[in-house]
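If you're matching them up, the sequences are chains A and B in order. Residues 1 to 632 (our numbering) are what the first sequence spells out, left to right. Residues 1 to 632 (our numbering) are what the second sequence spells out, left to right.
Each hint should be verified, as a subset may be incorrect.
Stated by the list, open to error - Covered, in the sense of this in silico footprint (three residues per stretch, anywhere, with C-beta under 8 Å from a C-beta of chain A), are these stretches of chain B: (1) 146–156; (2) 287–294; (3) 307–313.
Said to hold, decoys possible - Which residues of chain B face chain A? A few of them, derived with a C-beta cut under 10 Å, are: (4) N125; (5) L131; (6) L247; (7) E318.
Derived from the structure by calculation, the hints contain no laboratory data. It should be emphasised that the depicted structure is a prediction, and the values quoted were computed from it without experimental measurement. Cβ coordinates follow ideal geometry from the N, Cα and C atoms, glycine included.
Number of protein chains: 2
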Amino acid sequence: MDKTVDVPTGALIMDALHQAKIEILQPCGGQGRCGRCAVIIEGEGARRRSTIRISAEDVAAGYALACQTVIEGDLTVTIPEQEKIERRLVTDKSARKIELPFEYDPTVHQTIRVFQLELPQPSINDSLDDLSRLRQALKEHGVIHLDASLSVLRRLGETLRQASWSPWVVIDFDAPGSETAELIEIQPDPIQPFGLAIDIGTTTVTVHLVDLVNGEVKNSASEYNGQIARGEDVISRIVFAGKEDGLQTLSALVRKTIDTLLDRLQKRTGVSPQQIYKVSVSGNTTMMHLFLGIPPENIRLTPYVPTANQPSVFRAQELDLNIYPLASVDCLPAVASYVGADITAGVLASKLSDTADLTLFIDVGTNGETVLGTNEWMVTCACSAGPAFEGAGVVDGMRATLGAIEEVWVNTHTFEPTIRVIGGKNPTGICGSGLISLLAELFVTGIIDRAGHFKLDLDTPRVRKGKYGPEYVVAWGKDTQHSNDITLKQVDVDNLMRAKAAIYAGFSVLASSVGVDLDEVQQMLVGGSFGQYINVENAIKIGLLPDLPWDRFHFLGNTSVLGSYMALLSHEARLQILAIAEKMTYVELSADNTFFDAFTAALFLPHTEINRFPSVAEIWERHSTESESGSG
Amino acid sequence: MDKTVDVPTGALIMDALHQAKIEILQPCGGQGRCGRCAVIIEGEGARRRSTIRISAEDVAAGYALACQTVIEGDLTVTIPEQEKIERRLVTDKSARKIELPFEYDPTVHQTIRVFQLELPQPSINDSLDDLSRLRQALKEHGVIHLDASLSVLRRLGETLRQASWSPWVVIDFDAPGSETAELIEIQPDPIQPFGLAIDIGTTTVTVHLVDLVNGEVKNSASEYNGQIARGEDVISRIVFAGKEDGLQTLSALVRKTIDTLLDRLQKRTGVSPQQIYKVSVSGNTTMMHLFLGIPPENIRLTPYVPTANQPSVFRAQELDLNIYPLASVDCLPAVASYVGADITAGVLASKLSDTADLTLFIDVGTNGETVLGTNEWMVTCACSAGPAFEGAGVVDGMRATLGAIEEVWVNTHTFEPTIRVIGGKNPTGICGSGLISLLAELFVTGIIDRAGHFKLDLDTPRVRKGKYGPEYVVAWGKDTQHSNDITLKQVDVDNLMRAKAAIYAGFSVLASSVGVDLDEVQQMLVGGSFGQYINVENAIKIGLLPDLPWDRFHFLGNTSVLGSYMALLSHEARLQILAIAEKMTYVELSADNTFFDAFTAALFLPHTEINRFPSVAEIWERHSTESESGSG
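Isolated chain A, as found in the complex (with noise of 0.2 Å):
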């Protein structure tokens, strides 16, 4: 579709766009800023004012912002293809699918299974006890020892006759082809199998329901978990859990989080919880030993160790899980205090066990676990981040649901915001994403110095002193859901300085203790609820993430959940999990200084050693230059 226009010397190209009627992002506004507006031009007649957000390379290969790009002269503009922007709308939630990452066959890979049996029917000469016949029947489908559970042994007789000799059943098998499997629930009618598959944040408890004859996501849910108002970290959560009744406590309100989540995806797909016939739990250790009812004290005391890393298969029942009660709990084996199941599925989502590469993994949450290996070899640690990028311990923070805030960019001269919001309408508060973009902003247009502290003199109504000391006014409550100001307060800076500082301290740390640089990683992972939604510049813009290529970066998204989901399907990935952990070294940051000098040198923007971050010197001092020669 090629258009041709005429339009005065001294144009941009993005109105010479506009007057061809052709679509194009401009987030920033045409600051120049957020570089979505990059198109390809041919021809001599163009003269590029601002390159800020291009690199050498593509300038040579012809790209230039539009917002940015004066026509002087014949121009041939071609417009790459828009960057696909996936929304986060948990309205959409039910119609994205998860992707995994193998050809699921439920008779290759699956320990729960569904047959519908026909029995021959007894008579005075075949008077066979019906669990006999019951098994006879399942030696078709390769079950040599059959247990039966209690309950179902209890209305076996009854659902047999009632069922005209034709049961449907639901086999737990040990191992998929395994001779040994326990017959967990039978019916007349027929059966559809459903799993669950569950990462329970310290922040958020994310939930995939997943039906097992197909493998597909029917559905997903996401909640903050209930115990956050028992303490936001998992250090406060285990002194909870010490006093009377905590554990008690703590573990009811997970499970209460993840009923409210089972009650939400009932009534968006009609799925009872008693359809659910199996569980893979992913989450970190305390997360894990909460769930569990199992005393976390000793996860914070000196020398950090958990009552069990891999703890067994348990029945929904043992649990008080309101779901199938025979259904079968897997919780996925952990590595150490601090390095939980969320990280080996996490890793197993990633693939960095697949692959020769210098990898580092990071899951992105209220712990800032990180893994830096390949297929060969891995090292762990963990760092307490807080859970700043998940919204919380931030004022106005939130999840990334409908109103939240999930990107910013600040006018360099008006200090005006631009902002978009999940679902579009008035804001409510802002996400993850959203603080990292605002931190990123506050940071590269002055707004704030490098030690995170608010300038006060800007000609801007924007910042200013408010009851609890600086903060830069987002949105004005006319603007928002509430009517209240939206604002970014010193102390959710201060909390998010070290949220970042500590994860990129663990990189550090974990490098070093291997003897490799930053710079050598080939593939930097990125995991996190809100992981996906990252915008890389303004990560390494703020020092969270290393100042890579931008092509070595992934964002995974959730990957714990993900690696849940495939345990939950795959015997082999589940399998492939505990490898996984079994293979990981784990490096304990309380055991020297080296953590807490590298921490205390990442409390600057990006970092105290700005030559860390090239790409940031460079745009930190471009806006330098660019701001006091006034041009934009």
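For chain A, the structure is supplied; the task is to place chain B on it using the hints.
Frame of chain A; chain B shown alone:
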């Protein structure tokens, strides 16, 4: 110890023995009927007045009855070792050693093992989680895959530290020497593991408390099954189970009976039910269904299909048993609706499955289950005998405990009885062996005729017309515990006749089903809780047991609980019981009229065809003759 005495010619050997102050048993009071005063004589100076209780071979070997042999010259009398009379005092049970047919070695036989572990204390350089640390230590004991029960995991951390890393653990192995096991208990203090072998009879529940380290029975106890008030035989129990809450009621009643027994065992031994980590259960199929809370209704309905002949192993808490909650409860396998685990366990205990000889095995209880076969093949059937032989369903019947009349001799002339009472004091009632003995005596003394009807014209106050018809007074009120007469009524005799006829009919049908004659039976094995006290002669006299040479009879006692005890201790024994269950061919007696005809024919003393019982025919004839000639 030789003694010489002079006696007048014509004196009895018994008189000479009294004169020499040599004690000899004479329970029938010198009537020549009990045979217990047999001695060996050498020399010609003796004349045997009666040899009724001595076989021709024994007579040839010099045996003579001291009470029936007249001294007419010099004679050397040798007293054979007096028969050791086993007494069944409940209070003695703790002292009675139950013999295992194999040498118990927990490492070879047992699935439940207790270890004290020595774990390395964790440190910052060894921060393995508690469970992995435990798993590591258990590798020395051959455990490669260890699951831990949730309730144990929940107190694992605390217990390990209380135990200063030297905990005691109870491990439940899949099989002895298996690499797969479950941790079911952990304690800082030494653990002494016990097991419970249970036999749930329709009428009587018997338990052995077993030390799982040395394999010895620490104590035993029996009690009427609490369900008895809801129906005396399995059919009435099944009917009751079909009523609202009937199943739950019956289930709770047998649990309560077990609780009573556990309480008694604890009082006697100090062993708490919480020290019981394993249970092995035998019992007929209906009892097993009721114990497990499985509706038994189809056992009663054609084609008589039980729900489960081979249920799984359950945990005590699933069955609401008041022992250690994670104790494994193993229900032994059944063959059919009316041939249960009591028989498969009993066959193992009886060693029928080890012999090449044609063997008949009967478990004399409420159900007369019979097995005919060898180590190569087995046929089995069941006929409802009713609880008469267990002392229930008989007005003055009782279990074989203190105060029970266990043997009776009736004087041919005076019709006065001599009784033997368990504990030696005044009687309370009559137990099974007493009833058989009494019925035989009433028959041979002519108090009842061959049809079992009382003769009312005898010159004795012992035979009288009672409130409910004719009856025989076994003990006058002045000589009883409760000051009431103890009698055997016509209705009791009818009950006993039906019971013995059902059992004998079962033998007949089974033998003819495989085309053998009962005479060909090489071994007659009699099980049943009171089996070991049955007097073979009396049992043959009433036609309960076939008329085989006495040395072919082996009275084994409660083979069901013995088999259960063997299975409790030995995994191999458990597998043998399964093999027995799978080898047995079940003969359904209701399939045609064969059984009914055989039953009707057996409703005589000893049988309609008296030629089937040649030894009884001989006694019957002699007694009649002797009675007429007035000799005694």
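Hint check results:
A count of 7 residues in the region 146–156 of chain B with a Cβ less than 8 Å from any Cβ of chain A is obtained; the coverage claim is therefore met, three being the minimum. For the region 287–294 of chain B, the stated coverage by chain A holds: 3 residues have a C-beta nearer than 8 Å to a C-beta of that chain, and at least 3 were required. Counting residues of the region 307–313 of chain B whose CB lies closer than 8 Å to any CB of chain A gives 7, which reaches the minimum of 3, so the coverage claim holds. A distance limit of 10 Å between C-beta atoms decides the matter here; for N125 (chain B) the minimum to chain A is near 8 Å, and the interface restraint holds.
Restraint check, L131 (chain B) versus chain A: the minimum CB separation of about 4 Å is within 10 Å; hint holds. The interface hint given for L247 (chain B) is met, as the beta carbon of that residue sits about 9 Å from the closest beta carbon of chain A, less than 10 Å. The beta carbon of E318 (chain B) is positioned within 10 Å of a beta carbon in chain A (closest approach about 5 Å), and the interface hint is therefore held.
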